[in-house]
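J.: Take the given structure of chain A and dock chain B to it, following the hints.
2 protein chains.
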Amino acid sequence: MNATPLADLSADDLATLLEEQRAAYEELRTRGLKLDLTRGKPSAQQLDLADDLLRLPTSTKDSKGVDVRNYGGLEGLADLREMFAELLWVEPEQVVAGGSSSLTMMRDCLFYLTLFGGVDSERPWGHEEKVRFVCPVPGYDRHFTLLESLGIEMVTVPMNDDGPDVDAVAALVADDPSCKGIWIVPTYANPSGSIVSQDVAARLAAMPTAAPDFKIFWDNAYALHHLTEEEAKSADILTLASAAGHPHRPLMFASTSKISYAGAGVAFLAASTANVGWYLGHLGNGSIGPDKVNHLRHAEFFGSAQGVRDHMAKHREIIAPKFAEVDRVLTERLGGRDVATWNTPAGGYFVNLDVVPGTATRVVELAKAVGVALTPAGSSYPYKQDPDDTNIRLAPTMPPVAEVTEAMEVVATCVLLAAAEKATA
Amino acid sequence: MNATPLADLSADDLATLLEEQRAAYEELRTRGLKLDLTRGKPSAQQLDLADDLLRLPTSTKDSKGVDVRNYGGLEGLADLREMFAELLWVEPEQVVAGGSSSLTMMRDCLFYLTLFGGVDSERPWGHEEKVRFVCPVPGYDRHFTLLESLGIEMVTVPMNDDGPDVDAVAALVADDPSCKGIWIVPTYANPSGSIVSQDVAARLAAMPTAAPDFKIFWDNAYALHHLTEEEAKSADILTLASAAGHPHRPLMFASTSKISYAGAGVAFLAASTANVGWYLGHLGNGSIGPDKVNHLRHAEFFGSAQGVRDHMAKHREIIAPKFAEVDRVLTERLGGRDVATWNTPAGGYFVNLDVVPGTATRVVELAKAVGVALTPAGSSYPYKQDPDDTNIRLAPTMPPVAEVTEAMEVVATCVLLAAAEKATA
Chain A
357 MNATPLADLS ADDLATLLEE QRAAYEELRT RGLKLDLTRG KPSAQQLDLA
407 DDLLRLPTST KDSKGVDVRN YGGLEGLADL REMFAELLWV EPEQVVAGGS
457 SSLTMMRDCL FYLTLFGGVD SERPWGHEEK VRFVCPVPGY DRHFTLLESL
507 GIEMVTVPMN DDGPDVDAVA ALVADDPSCK GIWIVPTYAN PSGSIVSQDV
557 AARLAAMPTA APDFKIFWDN AYALHHLTEE EAKSADILTL ASAAGHPHRP
607 LMFASTSKIS YAGAGVAFLA ASTANVGWYL GHLGNGSIGP DKVNHLRHAE
657 FFGSAQGVRD HMAKHREIIA PKFAEVDRVL TERLGGRDVA TWNTPAGGYF
707 VNLDVVPGTA TRVVELAKAV GVALTPAGSS YPYKQDPDDT NIRLAPTMPP
757 VAEVTEAMEV VATCVLLAAA EKATA
Chain B
357 MNATPLADLS ADDLATLLEE QRAAYEELRT RGLKLDLTRG KPSAQQLDLA
407 DDLLRLPTST KDSKGVDVRN YGGLEGLADL REMFAELLWV EPEQVVAGGS
457 SSLTMMRDCL FYLTLFGGVD SERPWGHEEK VRFVCPVPGY DRHFTLLESL
507 GIEMVTVPMN DDGPDVDAVA ALVADDPSCK GIWIVPTYAN PSGSIVSQDV
557 AARLAAMPTA APDFKIFWDN AYALHHLTEE EAKSADILTL ASAAGHPHRP
607 LMFASTSKIS YAGAGVAFLA ASTANVGWYL GHLGNGSIGP DKVNHLRHAE
657 FFGSAQGVRD HMAKHREIIA PKFAEVDRVL TERLGGRDVA TWNTPAGGYF
707 VNLDVVPGTA TRVVELAKAV GVALTPAGSS YPYKQDPDDT NIRLAPTMPP
757 VAEVTEAMEV VATCVLLAAA EKATA
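If you read the sequences in order, they're chains A and B. Using my numbering, you'd call the opening residue of the first sequence number 357 and step up by one each time. Using my numbering, you'd call the opening residue of the second sequence number 357 and step up by one each time.
Read the hints as simulated data drawn from the structure, not as lab findings. Careful: at least some of the hints might be erroneous.
[Stated by the list, open to error] Calculated lysine-lysine pairs in the PhoX-like style (CA-CA distance at most 25 Å, straight line):
1) A:Lys724 / A:Lys390
2) A:Lys670 / A:Lys589
3) A:Lys740 / A:Lys778
4) A:Lys670 / A:Lys486
5) B:Lys778 / A:Lys390
6) B:Lys420 / A:Lys390
7) B:Lys486 / A:Lys486
8) B:Lys390 / B:Lys417
9) B:Lys390 / A:Lys417
10) A:Lys724 / A:Lys740
11) A:Lys724 / A:Lys778
12) B:Lys417 / A:Lys670
13) B:Lys740 / B:Lys486
14) B:Lys724 / B:Lys778
15) A:Lys417 / B:Lys670
16) B:Lys670 / B:Lys589
17) B:Lys740 / B:Lys724
18) B:Lys390 / A:Lys420
19) B:Lys724 / B:Lys390
The shape of chain A in the complex, shown without the other chains:
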């Protein structure tokens, strides 16, 4: 293994490397691969862990005697709200248990803000001349798509290891009343793996904002999704915001999509009781209540908050080796070459790979041509535009380990080939 940085190679050595990688790439083409690292989906083996759900609930009533099969109970099943309140470090009355998608809850909050305004809005956001959102990058593509669909302008700030660049955020929101919100994935961020520190969270909660109704969309999708035994604890944003005099600023979201079933879990919203009332008030115009049978199914399955944590340890056993494999192949194939950096996340669903600037699109294209689907380059940026064309999001949870290995060998070859192409161009 030659570990000389590409920049230090002679023209001849570079040409040799290019030829080697071209040959390796052509060999890959003959394999007829069909591999997919695009989306953060759990594997069938992970889903199997929750298959007792298929025979639950055993009862049709919750612990308060409510028949879960009938209409009603807009806020969701009390037992399940209590369980997840403990897991999210909030009070049960601050929690709504909803349908199967936290993304839909986020969308609904954006719709309500746009159509009706928030508890602290002067008018509906839709009546403002302009609404802007701060988007730490790289970030979650679906967050950005949602904002784009509503015509909300996106302003980026860097996502650092301890969360968004909070000085940049504070500067943006201090004087611009059109800056109405920020997306944060606080724990094991998609895709950077970052964990928002207590300090950064406290500053986000307390920073002065020109908009009276500034909202932190705190998407805690991976709150419990640890890849090591050292488990990060998410900052308690609701308490921090309340203590700072901005109790209605955060809207927290979570779900069991990557705990029980990806498509048939339960989503949660947590916020100030005023925000909960606001959310339920609008929701109640178009819903008579969520699927409480699925709520009870989950409450029986987990048994307790500790039951959820124990369940997550089983997920870790399945997926941690896949993340280790991503790191192993990248290290062995690209280590010392100075053509890529990547993180080794302590949780979540993604590995963030930064390749030679200007080659991310080429890498994805090369991989696709030999049967390895990667998330399109730029996906982790608003409007799908990565200004440096450097970022690639890898999602290794879904395929079996052997396929992760095979796919990562392809990725490594493509990264090196694209880098050599660029260096010799």
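T.: For chain B alone, coordinates are given in the frame of chain A:
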């Protein structure tokens, strides 16, 4: 039983009647009743019919091999869409299977129309100076609440036995481009029990509208909810509209809320394929897919479209006697008195009771004071304002028959007492 119309009674006889009803009412007060005829909820006995759902699905894959536990499949499970396409007389590709609430699907359509406009809109409805909806009355309170929440002005037309007064509708929509839609519950309407005839449906589908993007919200909530063996067939609004050159006019909604579980069923949207694409396009910005496990659970439970029809016969056996009891008590107690008219619906969930104009509010108030909860007077009208204060919606499905009897005795006494009060005032 004295069956003389109140108007024909002498002053003395009227005074006697008033005293008798007052005495009867005071006796009711001593019973300590706690009965509820407010909402169209299925009874526990009806919900029990579907309890095999609690042990389904037996598989985790649909007939095409899709793992229903994972993300994806925005349009819903193919097997279930095919089953309900047959029941709704549409093509599978015209059907979306969603979450547990058709009301939420209607709300989402209104949100999309308001925020983004429809496939045939010149601009989002929210950018129009005014948007109006035609509302046949009496109608479903939640339909009206939804429109009110969005600031959509409601214009009423009478709901006749064969559907809305279509001359009145046609006149309203012909010249007024702000008239953008109409609500229709086509089969066993809430609360009138009306069934929209083929002729009325054809005229609604074909009538010229000043708005290019006029929408019929065709809420077929009770399509299969027959109370007799003579089963009404809903008019095929999609085909009618398509034949009339307005394929995108109707948006059809249905659900299994009153077939399987009220709170944990599956909701459906059916429309032109362009409308389906429009709906899914917007939905996809905030959802990765519906609960396909619940879709498969339902597909396995019913087995086929005929399985759904057979299941509905079991519901009929449970609830038809309750509707018969409502009619029996009203006939025995109020027959010939000329103080009320009511329908004997052939399906659906409601009995529409019209009392002496000006007394509906009083009747509901009197009933409440002795422990019988009725839907607030006016609920079946926009802004909860029944101009004649005459309409009361009775929902007899939830309580056991004995309670229906007891509650209806109270209703009859209150109707008669309020009428006597008014006649002697």
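J.: Against this structure, judge whether each hint is valid.
T.: Tested hints:
1. For the suggested pair Lys724 (chain A) and Lys390 (chain A), the alpha carbons sit about 9 Å apart, so the restraint of at most 25 Å is met.
2. With a CA separation close to 19 Å, the supplied pair Lys670 (chain A) and Lys589 (chain A) stays within the 25 Å bound.
3. For the hint linking Lys740 (chain A) to Lys778 (chain A), the alpha-carbon distance of about 22 Å falls within 25 Å, and the restraint holds.
4. Among the hinted pairs, Lys670 (chain A) with Lys486 (chain A) is inconsistent with the structure: their alpha-carbon atoms are about 46 Å apart, more than 25 Å.
5. A hinted pair counts as satisfied when its Cα atoms are at most 25 Å apart, and Lys778 (chain B) with Lys390 (chain A) does not qualify at roughly 80 Å.
6. The hinted pair formed by Lys420 (chain B) and Lys390 (chain A) meets the criterion: a straight-line CA distance of about 19 Å does not exceed 25 Å.
7. For the suggested pair Lys486 (chain B) and Lys486 (chain A), the alpha carbons sit about 22 Å apart, so the restraint of at most 25 Å is met.
8. Restraint check for Lys390 (chain B) and Lys417 (chain B): not satisfied, since their Cα atoms lie roughly 46 Å apart, outside the 25 Å limit.
9. Of the supplied pair hints, the one linking Lys390 (chain B) and Lys417 (chain A) holds, its CA atoms being roughly 21 Å apart against a limit of 25 Å.
10. The suggested pairing of Lys724 (chain A) with Lys740 (chain A) holds, with an alpha-carbon distance near 18 Å, which does not exceed 25 Å.
11. Among the hinted pairs, Lys724 (chain A) with Lys778 (chain A) is consistent with the structure: their alpha-carbon atoms are about 19 Å apart, no more than 25 Å.
12. At roughly 23 Å between alpha-carbon atoms, Lys417 (chain B) and Lys670 (chain A) fall within 25 Å of each other, so this suggested pair holds.
13. For the proposed pair Lys740 (chain B) and Lys486 (chain B), the alpha carbon gap of about 21 Å is at most 25 Å, so the pair holds.
14. A threshold of 25 Å between alpha carbons decides the hint, and for Lys724 (chain B) with Lys778 (chain B) the separation of about 19 Å falls inside it, so the pair holds.
15. With a CA separation close to 23 Å, the supplied pair Lys417 (chain A) and Lys670 (chain B) stays within the 25 Å bound.
16. Only pairs whose Cα atoms come within 25 Å are accepted, and Lys670 (chain B) paired with Lys589 (chain B) is accepted, the gap being roughly 19 Å.
17. Distance check on the hinted pair: Lys740 (chain B) and Lys724 (chain B) sit about 18 Å apart at the alpha-carbon level, within 25 Å; holds.
18. For the proposed pair Lys390 (chain B) and Lys420 (chain A), the alpha carbon gap of about 19 Å is at most 25 Å, so the pair holds.
19. At roughly 9 Å between alpha-carbon atoms, Lys724 (chain B) and Lys390 (chain B) fall within 25 Å of each other, so this suggested pair holds.
Of the numbered hints listed earlier, those contradicted by the structure are 4, 5, 8.
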